[in-house]
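Asker: Hey, can you work out the whole structure from these sequences and the hints?
Protein sequences, first through last, are from chains A and B.
Take 1 as the starting number for the first sequence in the working numbering and just add one per residue.
Take 1 as the starting number for the second sequence in the working numbering and just add one per residue.
Keep in mind that the hints are not guaranteed to be accurate.
Said to hold, decoys possible - Residues from chain B that keep clear of chain A, each with C-beta distances beyond 10 angstroms, as calculated:
(1) Lys90
(2) Lys191
(3) Lys336
(4) Tyr389
(5) Pro439
(6) Asn448
To be verified - Straight-line alpha carbon distances no greater than 25 angstroms define the calculated SDA-like cross-link-like pairs of lysine to any residue that follow:
(7) B/Lys46 <-> A/Leu46
(8) B/Lys175 <-> A/Leu166
(9) B/Lys290 <-> B/Pro205
(10) B/Lys259 <-> B/Asn206
(11) B/Lys46 <-> A/Thr54
(12) B/Lys191 <-> B/Gly226
(13) B/Lys175 <-> A/Leu157
(14) B/Lys378 <-> A/Leu175
(15) B/Lys410 <-> B/Lys443
(16) B/Lys46 <-> A/Ala173
(17) B/Lys410 <-> B/Thr179
(18) B/Lys237 <-> A/Ser155
(19) B/Lys290 <-> B/Arg418
(20) B/Lys175 <-> A/Gln101
(21) B/Lys94 <-> B/Arg84
(22) B/Lys46 <-> A/Leu57
(23) B/Lys237 <-> B/Asn313
(24) B/Lys46 <-> A/Ser172
(25) B/Lys237 <-> B/Gln281
Keep in mind the hints are simulated off the structure, nothing from the lab.
Fair warning: this is a prediction, and the values are worked out from it, not measured in the lab.
Just so it is clear, CB atoms sit at the ideal spot from N, CA and C, and this is done for glycine as well.
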Amino acid sequence: MSTTGSRAAALVPAFTAPDVRVTRSRRSTVWVAAVAVVLVAVLAYLPYLVYSGTTSLLVNVFILMIMASMWNLLAGYAGLVSVGQQGFVGIGAYAVVVFAQHGVDVFVALPLAMLVSGIVGIPVWWLLRRLRTAYFAIASWVVASVLAAIVTSISSLGSGTGISLLPYLNFSATLLGAITYWAALTVLVAALAAGYLLLRGRGGLVLTAVRDDEIAARSAGGRVGRVQRLVFVVAAIGCGGAGALLAISQIFVQGSNVFNVSWSAEMIFATIIGGIGSIEGPIIGAIIYYVIYETLGNYGTWYFIVLGVIAMAVAIWARRGLWGLVADRFNIRIFPVGYYLWPRADMVPAASVPPGPVPGTPVPPPAAPAASPSPAGEELGADGG
Amino acid sequence: MGADEVGGQPPQQHTIARRTVLRGLGAGALATGMGGILAACGSSLKGSGGSSSSGTINIGFVTPLTGPLAGFASGDQFVLSQIRATSAYKNGFKVGGKTYKVNIIVKDSQSSPNTAAQVAGQLILNNHVDMVLTTSTPETTNPVAAECEKQGTPCVSTVVPWESWYAGLGGNPVKPTTTFEYCTTFFFGLKEFQECFVPMWNRVPNNHEVACMYPNDADGNAFRFGFEPLIKASGYKVVDGGAYPDGQTDYSTMISLFKSKQCEVYSNCPLPPDFITFWRQASQQGFKPKIATVAKVLLFPADTVALGALVNNIATDSWWGPYMPYSSSLDGVTAKALADAYQAKTGNQWVQSIGSSYALFEVAKEAFGAVSDPHDKKEVAGALHHVNYSGMNGPINFAAGPAPGVGIVKPVGVQWKRSTGKYPFEMVVVDNSLNPGVPLGGKLEPTNA
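Answerer: In structure tokens, the structure reads:
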């Protein structure tokens, strides 16, 4: 692909130019981060402000955000298009049941279930690691189906009938709803932080390179396999957490529901709509998904038709999703995982090259180019696309 | 990877945002943790904010209007229009000397247990319903009932074998001692299937080998563990085709097993599309049982279209139909008149779920009529467990069922037969052993002669 080529071409003059300073954020980033902190604090306080109808809806939104963020890490960065993440959703949900049956509080069981899901992810990765694209997608689906078949054949877990967590809950409905909400918020924040740190950390540049072209990344010496394994296990943990939250919030765990391939469909939808290859995208996508559901959910078949049309429209006309449109238009990044190159002279970025899956389309420098004639302000790396 | 590794140049001013964001995440986590601590004295939590003093009774109705189970709900919009037109629902319920307006809120489960649970939660928490009614298979009723029991909202289910419903809530149908405070159901169970199907088997001469096609789902497992012992107790031998997953597309192994054991009786409880696949393959591969009694499938005329002539003389159960000698407890309209009205209004052949959905709203009215405060969920739930009345789906007594909160309706044995009227096939009552009050409409004939 031309991505790597053009990116490399952009890199070379930037780094050979002597008077350049590299940072990973801009001043606006700080403000955006501050807003994010306030937002999380307000969200955490929400059970005291609004009725549980709102928070229980938000639990569902958070669960989808977690799942979509995980799928985005896999498909948007690691180049692993999985259609089998429901396998880990199911493992997480049933792990909570098993722990609850052994006397563990469901909210203690939540992190344990995530751990179990991550452990299951290791041998699954070993099975799938040599496959890519459509083969990886189908094989991951097969693995999920096998996991479902195994779990739903265990009679102590209710077989295919499903099993209720009711006997293991000793909370009032209000308290249970509030704690479930906090648990979901915590897992979401942790999932976003994990994704962010993953991309900011050592593997981030490798992941970004893999996102653009896996073979080029390998030939450039990136330790692709290791990073992909890491992402796969992190995604298993995240989806396991989402499944565990699902079990706790719905009380009723049934194999055909938690192992349903529709979870993968929802993750993919939210990610594609919001913007694949950006941390912000899946969040936006999950919100849009639920806005559509809340407004059109009662129109039966029309609801699905609208979902499908939107997905197609975005796939055709907005390849980087709705967040991609916003980020390009206003040049904002909530999670700065790229690099900014600044000319030493005036410390004002003179040009911005937001990378993305439609790379090689140079964005014209923002306003006030007169101040810096040298095209040195560039944003590089994992951000944006 | 740091910038230093890329450019060999240490970043002069290191990552303001990383620290800020980390700090932010820390603050978020702290806030979250604080929330948890505050929960210990969680009295200031807002809760669901139910409006307990309003002059309106809100009733939620969860049904699979779309998706693979939509056949079950095909009559529900019609039932709702009929119910809303009755004087009780139009003018309101008299409860404790006061008249309350009645508002029915309908939610589509989209045939998904996940959506069913979500919409039940919305009904309870956002719409503040006083009762939730739900119908059509464990995939709809069980998540809804679990949510209602969790949130402490009265719930009535139907069109689900009571064992599947009871097990789904965490009870043991073999020793049904657990009482679910808020949840009730009316339908029938495995004993009624036995009393409905076995007399038909007895009347068609056969070798007493029963082919059992039970999937690995709520209903399938209920049949496997509950119905197979009853088959044996009736003097028949069980040939279990194995706990296959829903949606299987190749039944050759199962069919050859049934053929090798020379099964002449066939029993099942699959998802409707799976039965169509199975029955076609069985026909092609020469498995032709003398009497087939199916459960959960061919309950509705739409199912028969896909099979065409292959549906002739397949027997199933019927809990409602125009032949039932029942009438509405709301306005006295008879089962026949209701079925006729449905056909006249929609142009479609009547479906038996009309009767059970209709009865849900009768039961709701009975329960609200027996309390002093319709918004007192405990009181309403208590009243539900003691509803004992006769209406569109016959006599229902929640206090005298096989398990707490379970009311039993008595089905009859029917066969799909070619019709001379407007529709190609129709349900004809061929066995009324279990419910002798229902007149026979035709002769029981072998499925395959």
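Asker: Decide, hint by hint, whether the structure agrees.
Answerer: We went through each hint and held it up to the structure:
Taking the minimum C-beta to C-beta distance to chain A, about 23 angstroms, the non-interface status of B/Lys90 holds against the 10 angstroms cut. The Cβ of B/Lys191 sits about 19 angstroms from the closest Cβ of chain A, beyond the 10 angstroms cut-off, so the non-interface label holds. Every CB of chain A is more than 10 angstroms from the CB of B/Lys336 (nearest about 30 angstroms), matching its label as outside the interface. No Cβ of chain A approaches the Cβ of B/Tyr389 within 10 angstroms, the least distance being about 29 angstroms, so the stated non-interface status holds.
The beta carbon of B/Pro439 is kept farther than 10 angstroms from every beta carbon of chain A, the shortest such distance being approximately 37 angstroms. Here B/Asn448 stays apart from chain A, with its beta-carbon at least about 30 angstroms from theirs, past the 10 angstroms limit. Restraint check for B/Lys46 and A/Leu46: the C-alpha separation of about 9 angstroms stays at or below 25 angstroms, so the hint holds. A distance of roughly 18 angstroms separates the Cα atoms of B/Lys175 and A/Leu166; the hinted pair therefore holds under the 25 angstroms criterion.
Between B/Lys290 and B/Pro205 the CA atoms are separated by roughly 8 angstroms; this keeps the pair inside 25 angstroms, and the hint holds. For the proposed pair B/Lys259 and B/Asn206, the alpha carbon gap of about 14 angstroms is at most 25 angstroms, so the pair holds. For a cut-off of 25 angstroms, the pair hint linking B/Lys46 to A/Thr54 stands: about 11 angstroms separates their Cα positions. Annotation: proposed proximity of B/Lys191 to B/Gly226 holds, straight-line Cα distance about 9 angstroms (limit 25 angstroms).
Between B/Lys175 and A/Leu157 the alpha-carbon distance is near 18 angstroms, which keeps this suggested pair within the 25 angstroms criterion. Taking the CA atoms of B/Lys378 and A/Leu175, the gap is near 19 angstroms; set against the 25 angstroms cutoff, the hint holds. In summary, the hint linking B/Lys410 to B/Lys443 is supported, as the alpha carbons are separated by about 20 angstroms, within the 25 angstroms threshold. At roughly 12 angstroms between alpha-carbon atoms, B/Lys46 and A/Ala173 fall within 25 angstroms of each other, so this suggested pair holds.
Restraint check for B/Lys410 and B/Thr179: satisfied, since their Cα atoms lie roughly 23 angstroms apart, inside the 25 angstroms limit. Simply put, B/Lys237 and A/Ser155 have alpha-carbon atoms about 24 angstroms apart, close enough for the 25 angstroms limit, and the pair holds. A hinted pair counts as satisfied when its Cα atoms are at most 25 angstroms apart, and B/Lys290 with B/Arg418 qualifies at roughly 18 angstroms. For a cut-off of 25 angstroms, the pair hint linking B/Lys175 to A/Gln101 stands: about 20 angstroms separates their Cα positions.
Annotation: proposed proximity of B/Lys94 to B/Arg84 holds, straight-line Cα distance about 16 angstroms (limit 25 angstroms). For the hint pairing B/Lys46 with A/Leu57, the CA-to-CA distance comes to about 15 angstroms; that is within 25 angstroms, so the pair holds. Pair hint B/Lys237 plus B/Asn313 holds up; C-alpha atoms about 23 angstroms apart against a cutoff of 25 angstroms. The suggested pairing of B/Lys46 with A/Ser172 holds, with an alpha-carbon distance near 13 angstroms, which does not exceed 25 angstroms.
Between B/Lys237 and B/Gln281, the direct Cα distance comes to roughly 23 angstroms. Compliance with the 25 angstroms bound is thereby established for this hinted pair.
In this structure, none of the earlier numbered hints is contradicted; all agree with it.
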